[in-house]
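Student: Fit chain B to the supplied structure of chain A, relying on the hints for placement.
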Amino acid sequence: MAKMKFLCDAERCIECNGCVTACKNVNEVPWGINRRRVVTLNDGVPGEKSISVACMHCTDAPCAAVCPVDCFYTTADGVVLHDKDLCIGCGYCFYACPFGAPQYPSPQERAFAVRGKMDKCTFCAGGPEEPGSQAEFEKYGANRVAEGKLPACAEMCATKALLAGDGDVLADIYRKRVLRRAGRPQTWGWEKAYGADV
Amino acid sequence: MKTRFLFVAIPLVAVLLLLTGCYESRDVTLHDAGVYKGQTDPLVEMSADPAYQERLRERLLMVQTDR
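Chains as they are written, first to last, in our numbering: chain A, 1 to 198; chain B, 1001 to 1067.
Isolated chain A, as found in the complex (with noise of 0.2 angstroms):
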């Protein structure tokens, strides 16, 4: 069974911001709202690193785990999904993600036709409405996945740095680059989670 996954290659990222742009714009994200940011390690010093951050479909969800009210839900594939109409936007998963990949509108600027409700990454997989739905896209934004697209981000990625699908045809596209490379694997907090020489 394929696990959905997104992976940045800090070697290839450029900074560029393409992938928070292609999200806004194919997901209709309203101002002060981030689905997905980029961030930069060491900015401005020779060797620093950019990564894309957004949801990342964590198999064992803490947002899910914290949720008082339960609203969100996994595909067969991995994609962390949620149901808007349940979500008190109480902020608990806010506090739960390492990523801080849950949003919260204002409630005066009504974005995605709900009031405060937690938004985020969808994978561009929509929500509990029906596929491509005027219903759907309103309050989740486009479903490409359903279309048999992949999230627009990492398809419009420039240097290919994001990355996005099956977690096995991720990690072996990677290897072969690391391969190519003639290095070790550079994957961000590598050094941090397995030490400096390994």
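Some clues are possibly wrong.
What the hints assert, rightly or not - Simulated restraints, written as ranges between beta carbons of each label pair:
(1) A:Ala-96 x B:Glu-1058: 32 to 38 angstroms
(2) B:Ile-1010 x A:Gly-100: 18 to 24 angstroms
(3) B:Pro-1042 x A:Lys-192: 39 to 45 angstroms
Hints listed in this document are in silico derivations from the structure and should not be mistaken for laboratory results. Quick reminder that beta carbons are idealized off the backbone N, C-alpha and C, glycines included.
Tutor: Below, chain B without anything else, positioned relative to chain A:
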């Protein structure tokens, strides 16, 4: 006669208006810890289909790999 009618009609309307506040929806979602009780997403069923997964795999290899 008219005054008598008003004495009956006005309290009756007032009582009816007050009672509308006592309406209780029978569509309440009762919470069970750890159980998702929201709307069913057709994508959940669709995503288990091997043909669907193969289509997404082909798309990934076509669009996101180096040329």
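Student: List in ascending order the numbers of the hints, as given earlier, that are violated by the structure.
Tutor: 2
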